[in-house]
Amino acid sequence: MHVFLEAGIIGISLGAQYALLALGFTLIFGILGVVNFAHGGFYMLGGYVAYTCVSGLGLPYPVAVLIAVLATGALGWVFELLLIERLVDDHLATLMLTLALYLIISTGVLAVFGPISMEFSFPVGGAFRAGPIYVPRENLIVLAVCLIALGGLWLILFRTDLGRALRALADDRAVARAQGLHPRVLFPLAFALATGLAGLTGALVTPILSLSPGVGDPVLATSFLTVILGGLGSLGGAALAAFVVGIVEAYTSVYFGGSIGALVLFVLVLLLLVFRPTGLLGRETRGA
Amino acid sequence: MNEYRALLAAAICIGVGFSVTPSRAQDCELKIGSMGPMSGGAAQWGLAMDAAANLAAAEVNAEGGLKVGGKRCHVTVVAYDSKYTADGAAAGANAFAAEGIHFIIGPVGAPEATGIKPVAARNEQIAWNASYAKDALMPRYPLMFHMGPGPGAWADSVIKEALKYFKITSVALIAPNDQGGTDIVTVDEVAYKNNGIKTSSEYYQRGTTNFAPIITRLLAANPDAVDTASSPPGDAGVIVKQLRLAGFTGPIGRNGGPGTAEILRVSGGLDVLKDFYWYEAQPPNTPEMRAIDEEYKKLLGKEQTFGTSMWSNLPGARMTLKAIEVAGTVDDVQKVAEALRHLPVNDPNMGKGVWSGQAQFGIAQELMFPFGVGIIKDGKEVGVVRVEPKL
Chain F
1 MHVFLEAGII GISLGAQYAL LALGFTLIFG ILGVVNFAHG GFYMLGGYVA
51 YTCVSGLGLP YPVAVLIAVL ATGALGWVFE LLLIERLVDD HLATLMLTLA
101 LYLIISTGVL AVFGPISMEF SFPVGGAFRA GPIYVPRENL IVLAVCLIAL
151 GGLWLILFRT DLGRALRALA DDRAVARAQG LHPRVLFPLA FALATGLAGL
201 TGALVTPILS LSPGVGDPVL ATSFLTVILG GLGSLGGAAL AAFVVGIVEA
251 YTSVYFGGSI GALVLFVLVL LLLVFRPTGL LGRETRGA
Chain A
1001 MNEYRALLAA AICIGVGFSV TPSRAQDCEL KIGSMGPMSG GAAQWGLAMD
1051 AAANLAAAEV NAEGGLKVGG KRCHVTVVAY DSKYTADGAA AGANAFAAEG
1101 IHFIIGPVGA PEATGIKPVA ARNEQIAWNA SYAKDALMPR YPLMFHMGPG
1151 PGAWADSVIK EALKYFKITS VALIAPNDQG GTDIVTVDEV AYKNNGIKTS
1201 SEYYQRGTTN FAPIITRLLA ANPDAVDTAS SPPGDAGVIV KQLRLAGFTG
1251 PIGRNGGPGT AEILRVSGGL DVLKDFYWYE AQPPNTPEMR AIDEEYKKLL
1301 GKEQTFGTSM WSNLPGARMT LKAIEVAGTV DDVQKVAEAL RHLPVNDPNM
1351 GKGVWSGQAQ FGIAQELMFP FGVGIIKDGK EVGVVRVEPK L
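Top to bottom, those sequences are chains F and A.
Note that my numbering has the first sequence beginning at 1, numbered continuously upward.
Note that my numbering has the second sequence beginning at 1001, numbered continuously upward.
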């Protein structure tokens, strides 16, 4: 019984990490219609910025996380404004641009920090234990940040003028423009919000797992899998799917082993694409 | 105007003079390849391979170049990141062939060894894999050489040394679910069973970042010890960290590729690692081994940070260049291979070794030197003991 409970706890922890990753990814697609192949790069960069702040500058970890969010958000803003914005309606061009940015980030990190993993640990260690059941404290913090990020994002998108404007642009860009909304101002903000979220996830999760130039690679695959399951562009869908993916991965890995766990997830997505191509909460079409 | 022309002519003469000077000192250039995973969790192994190739090249260059026939050749190293995959290694061999490179120091992993063998044979390339694959060498690929033996030659010694420090009656092994994992775990299991230890094994998809669910499954068998086998050092570090977080207090072993420094870095240090035993390619901290790192710094101008794998790859790289010198050709690869097979195994740093592999692979093209077994007990490094290979 304790194994069953433990798997559930691990599943929720994994789900929180995946939700943080998927939110930014789906935000960019939902509002700009851009599939951001550089998402893993911003995750990795967030980790390295936080590491540099803690190990190089001696800053407290929470400050390092904040700087990582601001740095990745700023880079995303500049990247959207200078490059993506010019070709935002050309899906192939934006795909190549974001892929190129990912390669630049990962190669840059490799050149500066080298290929070896950094010694970077989460400042809060240990776990709450009740017999054989344990909940790592670091996972609870990630879960709390995930819930706050979800709530914050919901507030921004559904309770502010900025959110209304972004949703209007996502629904029908031409009509939104006619109403006086400016994509050139709003799109970079949305992009910065999403890349800042990726940076936040990197700063939080890499000290729990590991930090090396390759850590961005699996992030893209996980984000893709999660948002396809949730419905590309759907914020609620991404969050729901992230916890579904986390829990399915945990239970299948615990009861059937690591190889089967990965396989089950892909089969799940395949079945969903066959029977419900829009994903769990996705819409049939997007206006942008 | 004439003054300007005279100045221009002088400048061109000086420029040409400078550009010609190096080629006068050495008559030709020899490119060799280095191959292995140079990014990702196993990067340390690939970079160690590249570092060994670079040091061997720097050694001959410092002597004025490699003697080939009547010429002196400057040796340069071209690196290729084969990403621990079969297709990466095959593509790397073809990329080297396109550059006219016929001597490859690498690759590292079992999938890479599988990928490179047929391609290198077709391209007439000598390659040195360091994998622990069951078919690391095959008689039908006579241009393939092996940097050192797999766990079949040393796992028993590692386990026996570990049993002096830790009580182990059962062990759970964990490794990737490809050939780089399964080939090693199955051999390790036999070694554990021969020492009266019960085994169970778990495999994971390469690219897994969070091992918590697999660790829950692993610990459900309640093993005394966990062996990270051939999991890349980056993965093994996360596994160690999550094992300790899950409350596992038993010893953790590593009957796989070296990488203790990386495991220590990722897991959080000696306090987290606590009780650990591992295979080491060579006993470190001997004057001969320290001399390699000193020479690396002297010739290449930087610290050798790739761990002990670099040491064990160096003899193969040195012997390849020596064989080219003995054969007196860079073009006749078969002649170089024949010269290599007849070279005595006697490395300036590693000492005397032997050509082995006949019994396991049917072809004696594997280098075998004394190796080490490392122990960490109660968060303190006990040290690495030297073990003579059983021939």
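There may be inaccurate statements among the hints.
Computed footprint of chain A on chain F; a stretch qualifies when at least three of its residues, placed anywhere within it, have a C-beta under 8 Å from a C-beta of chain A [to be verified]:
#	stretch
1	4–12
2	72–80
3	207–215
4	254–260
Cβ-Cβ distance ranges computed for the label pairs, FRET-style [stated by the list, open to error]:
#	chain 1	residue 1	chain 2	residue 2	range
5	F	I133	A	K1134	32 to 42 Å
6	A	A1261	F	A127	49 to 59 Å
7	A	A1220	F	D172	47 to 57 Å
8	A	T1249	F	L181	56 to 66 Å
Hints listed in this document are in silico derivations from the structure and should not be mistaken for laboratory results.
Backbone N, C-alpha and C fix where the C-beta goes; we use that ideal spot for every residue, glycine too.
A quick look at each hint next to the structure:
| no. | hint | verdict |
| --- | --- | --- |
| 1 | 4–12 | holds (count 4) |
| 2 | 72–80 | violated (count 0) |
| 3 | 207–215 | holds (count 6) |
| 4 | 254–260 | holds (count 5) |
| 5 | I133/F <-> K1134/A: 32 to 42 Å | holds, 40 Å |
| 6 | A1261/A <-> A127/F: 49 to 59 Å | violated, 27 Å |
| 7 | A1220/A <-> D172/F: 47 to 57 Å | holds, 54 Å |
| 8 | T1249/A <-> L181/F: 56 to 66 Å | holds, 60 Å |
Comparing the model with each numbered hint stated earlier shows that hints 2, 6 do not hold.
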